[in-house]
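Peer 1: The residues making up each chain are set out below.
2 protein chains.
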Amino acid sequence: MREVTLGLLGLGNIGGGVWDLVREFGDELATRTGLRLRVKKALVLDKKIHGGKEVPDEVLTTDKDDILEDPEIQIVCEFLGGEQPAASMMLRALENGKSVVSANKMALSLHFDELREMAKKTGAGLYFEASVGGAIPVLTALQSPLIANHVEQVMGIVNGTTNYILTRMAAEGAEYEDVLKDAQRLGLAEPDPTADVEGMDAAYKISIMGSLAFHSRIYMEDVYREGITNVSAEDIAFGREMGYVLKLLAIGKDNGDSIEARVHPAFLPVDHPLARVDGSLNAIYLYGHSFKDMMLEGRGAGDAPTASAIVGDIVLAARNAVHPVAWLREDPLPVADDWQSKYFIRMKAKDAPGVLAEVTGLLAGEGISVSAMMQKGAAPGGKATLIVITHIAPEKAVRRVVEALNPEICQVENVIRVEG
Amino acid sequence: MREVTLGLLGLGNIGGGVWDLVREFGDELATRTGLRLRVKKALVLDKKIHGGKEVPDEVLTTDKDDILEDPEIQIVCEFLGGEQPAASMMLRALENGKSVVSANKMALSLHFDELREMAKKTGAGLYFEASVGGAIPVLTALQSPLIANHVEQVMGIVNGTTNYILTRMAAEGAEYEDVLKDAQRLGLAEPDPTADVEGMDAAYKISIMGSLAFHSRIYMEDVYREGITNVSAEDIAFGREMGYVLKLLAIGKDNGDSIEARVHPAFLPVDHPLARVDGSLNAIYLYGHSFKDMMLEGRGAGDAPTASAIVGDIVLAARNAVHPVAWLREDPLPVADDWQSKYFIRMKAKDAPGVLAEVTGLLAGEGISVSAMMQKGAAPGGKATLIVITHIAPEKAVRRVVEALNPEICQVENVIRVEG
Chain A
1 MREVTLGLLG LGNIGGGVWD LVREFGDELA TRTGLRLRVK KALVLDKKIH
51 GGKEVPDEVL TTDKDDILED PEIQIVCEFL GGEQPAASMM LRALENGKSV
101 VSANKMALSL HFDELREMAK KTGAGLYFEA SVGGAIPVLT ALQSPLIANH
151 VEQVMGIVNG TTNYILTRMA AEGAEYEDVL KDAQRLGLAE PDPTADVEGM
201 DAAYKISIMG SLAFHSRIYM EDVYREGITN VSAEDIAFGR EMGYVLKLLA
251 IGKDNGDSIE ARVHPAFLPV DHPLARVDGS LNAIYLYGHS FKDMMLEGRG
301 AGDAPTASAI VGDIVLAARN AVHPVAWLRE DPLPVADDWQ SKYFIRMKAK
351 DAPGVLAEVT GLLAGEGISV SAMMQKGAAP GGKATLIVIT HIAPEKAVRR
401 VVEALNPEIC QVENVIRVEG
Chain B
1 MREVTLGLLG LGNIGGGVWD LVREFGDELA TRTGLRLRVK KALVLDKKIH
51 GGKEVPDEVL TTDKDDILED PEIQIVCEFL GGEQPAASMM LRALENGKSV
101 VSANKMALSL HFDELREMAK KTGAGLYFEA SVGGAIPVLT ALQSPLIANH
151 VEQVMGIVNG TTNYILTRMA AEGAEYEDVL KDAQRLGLAE PDPTADVEGM
201 DAAYKISIMG SLAFHSRIYM EDVYREGITN VSAEDIAFGR EMGYVLKLLA
251 IGKDNGDSIE ARVHPAFLPV DHPLARVDGS LNAIYLYGHS FKDMMLEGRG
301 AGDAPTASAI VGDIVLAARN AVHPVAWLRE DPLPVADDWQ SKYFIRMKAK
351 DAPGVLAEVT GLLAGEGISV SAMMQKGAAP GGKATLIVIT HIAPEKAVRR
401 VVEALNPEIC QVENVIRVEG
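Protein sequence lines, in the order shown, are assigned to chains A and B. No gaps in the numbering here: position 334 of the first sequence is 334 in my numbering, and each next residue is one more. No gaps in the numbering here: position 186 of the second sequence is 186 in my numbering, and each next residue is one more.
Everything labelled a hint here was simulated from the structure, so no lab data went into it. Every value quoted in this text rests on a predicted model; they were computed, and no experiment measured them. One or more hints might be untrue.
Since copy identity is lost for identical chains, a pair holds within one copy or between any two.
[As the list claims (entries may be wrong)] Taking lysine-lysine pairs in the DSS-like style, the calculated list, with each CA pair at most 30 Å apart, reads:
(1) K396 with K376
(2) K292 with K181
(3) K348 with K376
(4) K40 with K292
(5) K47 with K64
(6) K53 with K292
(7) K181 with K348
(8) K348 with K383
(9) K64 with K53
(10) K376 with K350
Modelling step: build the complete structure from the supplied sequences, incorporating the hints.
Peer 2: Structure (structure tokens):
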């Protein structure tokens with residue numbers, strides 16, 4: 001039996017979940033792995049307020065150096081969240097030769113290069129399975145069992161809050177603002193929901209997952225990002241009529257000489273495997289040249305599922321004599337600012353002769369062909385809803401069409417990409 | 001760059017797939033991992049007939065000792081299939097300190113104990129991710145990222161041939177024999193389909209996957225097994241009317257003091273994640289106390305997906321300084337010969353007074369309550385189809401009811417478990 005000494009930076013929801021899992025499952029884990037996990041210190045802001053776990057007083061500390069500078073602590077688990085001081089503390093732990101386990105997608109995404117460099121330099125390990133997809137072992141899969149693949153595509157539902165909101169909007173025909181308020185009331189959305197609903201959380205995740213999948217660094221600022229705040233019940237209803245389900249997707253594609261990295265609402269055909277992933281579940285669809293298609297689905301958040309991934313990483317960190325460092329290209333592939341998709345364009349059009357001709361003419365002028373069109377009548381002389389779904393077309397060409405349309409005649413209400 | 005010298009036992013479909021992947025992807029793999037894979041020898045029955053790959057003559061051999069006894073060969077990949085001589089060769093390779101990579105569920109399931117013992121003794125590695133679920137990294141997930149869990153349930157569609165047959169039966173309303181013949185014509189079922197359609201293949205897989213999930217050895221002979229040969233188009237149609245989809249499932253459950261391990265056709269509610277896994281796809285649903293529910297879906301067979309998992313294992317075998325050996329209890333938990341399920345019972349009943357009373361009386365006598373009942377009329381005086389779906393009930397009690405029914409009055413045509 002080998003003792004593994006841990007330091008926890010933070011003891012909130014996830015930290016508390018790890019505390020519980022180590023305490024309740026520690027004996028079984030020791031039997032299975034030969035490793036006895038011991039939490040020596042846990043950093044808290046105030047020793048009196050730490051989430052209600054029964055943690056012995058001598059374990060609690062308010063001084064980060066009790067963890068970062070203690071040579072006995074082998075593995076540091078970071079649960080602070082946010083960019084700083086989390087990133088600096090992780091860097092310091094690595095500098096001191098301690099392996100770091102973290103679920104902090106923001107700090108990892110923004111400081112990936114320095115953290116990796118430091119880990120390489122000191123030989124410490126950097127583990128972050130829980131940062132994308134919670135309990136779903138997608139990063140492990142990419143780095144090891146699926147390593148013999150050109151991964152061509154990753155496409156994920158990686159934010160539970162927005163998936164919950166979109167699922168309820170679809171089920172109830174409700175508007176975004178109403179469902180958001182209810183989700184906040186139920187504790188399923190944050191009081192300030194920006195990071196989720198504006199797609200930032202998903203963008204951090206695609207930056208991390210895509211970097212590993214394509215072996216090329218994807219920086220957060222290069223990820224195209226659109227949240228769900230402009231999605232209306234009307235979009236979802238029209239999409240459904242046409243056989244689509246709306247999801248917030250994090251998409252990465254390797255086009256050979258460039259990479260796509262984007263987060264935006266997208267319609268998926270109802271029979272796509274991701275289309276029925278509802279509520280707060282997460283799922284990642286992958287395509288690789290030898291494994292072909294694969295989907296991994298599970299709990300993307302929650303104390304216990306996240307703790308499951310964290311403790312899995314702790315065991316790996318303790319077991320590995322040499323810590324794996326994913327190989328990334330030295331010159332990252334450029335992240336494309338144009339890409340191909342199908343597009344759902346919803347417009348309010350004057351019910352007058354020539355409107356259809358204007359729309360179809362502009363599309364044709366950009367070489368975009370139309371796969372489906374639907375018009376929902378209005379009162380005579382009023383405005384009709386016009387929906388166009390295009391065949392595969394370049395993003396920029398579609399944007400040019402949208403800009404060229406005369407809003408007096410035809411007002412574009414929403415443009416939603418159609419994937420899958 | 002470190003050279004890793006491989007010996008291939010067999011060069012058929014999967015061996016050829018590995019040969020291709022190593023050849024085509026070897027440079028990229030070397031860049032990513034620092035490992036240069038080199039196939040030194042490949043065992044074939046006849047040097048002139050080896051699946052049409054362009055393999056240099058000096059690589060081919062008909063003498064197994066050129067691989068098993070060559071100290072330069074570090075990793076032996078076994079592609080012979082079947083129990084023997086595959087198992088003996090793997091054992092010999094391990095004895096000689098060579099790590100073994102195999103997708104051979106039959107040899108692995110039947111000789112797991114000796115192979116594991118030998119691997120432990122010599123410190124060689126035994127890797128078999130490809131033996132269950134093809135490219136799907138379910139065994140890796142169970143052994144590492146999900147290790148901090150009491151896995152309570154594994155439930156899988158792990159045989160592509162039977163899933164293809166059942167999917168087509170459902171889509172076309174066709175009978176088993178007709179679809180089987182067509183599948184054989186298309187090369188999607190073996191000329192002798194027994195191992196697939198009688199559930200043996202799935203049983204080997206649940207014996208392996210269940211052993212790792214529950215850390216307790218499940219022997220093939222303890223797996224309850226029923227194939228798909230008795231499934232009729234009528235069962236599938238009635239099931240669908242009642243909201244169910246029919247799948248051949250490999251099920252493992254940890255009941256604390258015993259384990260369930262069984263392979264049989266089962267109805268799943270249409271909204272169960274496994275219900276829409278169609279065609280030759282594989283998928284495994286898992287439930288663990290901390291990760292909660294998870295589903296992994298992908299290609300369970302095929303040269304390229306299997307080669308993906310094999311080469312993933314080769315990389316692991318080459319990287320690991322200490323090879324992981326999953327901990328299993330010394331006294332395996334007993335495999336239960338009784339369990340609980342819901343049951344779909346299809347009967348042909350005399351359209352006469354008292355028949356329903358007999359059926360419901362026998363069920364009540366065993367304490368089994370009925371959740372749904374459907375009668376489809378026949379000509380007066382003829383026989384009607386009677387379908388009963390029970391609530392959760394013990395398997396043995398249901399069997400007693402079936403045996404007690406008077407076949408003159410009420411003939412049981414099929415009993416199908418309802419899971420999920």
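Peer 1: One pair to classify: K47 and K64, alpha carbons no more than 30 Å apart. Within, between, both, or neither?
Peer 2: within (13 Å within a copy, 66 Å between copies)
Peer 1: Regarding K376 and K350, is the shortest C-alpha distance of 30 Å or less found within a copy, between copies, in both, or in neither?
Peer 2: within (12 Å within a copy, 56 Å between copies)
Peer 1: At most 30 Å between C-alpha atoms: does K348 with K376 qualify within a copy, between copies, both, or neither?
Peer 2: Only inside one copy: K348 and K376 sit 10 Å apart there, 52 Å across copies, limit 30 Å.
Peer 1: Can you tell me if K40 and K292 fall within 30 Å by alpha carbon in one copy, between copies, both or neither?
Peer 2: Between copies only: 28 Å across, 44 Å inside.
Peer 1: When no copy is specified for K181 and K348, does a C-alpha distance of 30 Å or less occur within a copy, between copies, both, or neither?
Peer 2: within (28 Å within a copy, 55 Å between copies)
Peer 1: One pair to classify: K396 and K376, alpha carbons no more than 30 Å apart. Within, between, both, or neither?
Peer 2: within (27 Å within a copy, 59 Å between copies)
Peer 1: Indicate which option fits the pair K292, K181 if close means a Cα-Cα distance not exceeding 30 Å: within, between, both or neither.
Peer 2: Classified as between; 27 Å across copies, 40 Å inside a copy.
Peer 1: With identical chains, the pair K64 and K53 could be close in the same copy or across copies; at 30 Å between alpha carbons, which is it: within, between, both, or neither?
Peer 2: Within one copy only: 20 Å inside, 60 Å across.
Peer 1: At most 30 Å between C-alpha atoms: does K348 with K383 qualify within a copy, between copies, both, or neither?
Peer 2: within (6 Å within a copy, 61 Å between copies)
Peer 1: With identical chains, the pair K53 and K292 could be close in the same copy or across copies; at 30 Å between alpha carbons, which is it: within, between, both, or neither?
Peer 2: between (45 Å within a copy, 22 Å between copies)
Hint check: no violations occur; every hint is consistent with the structure.
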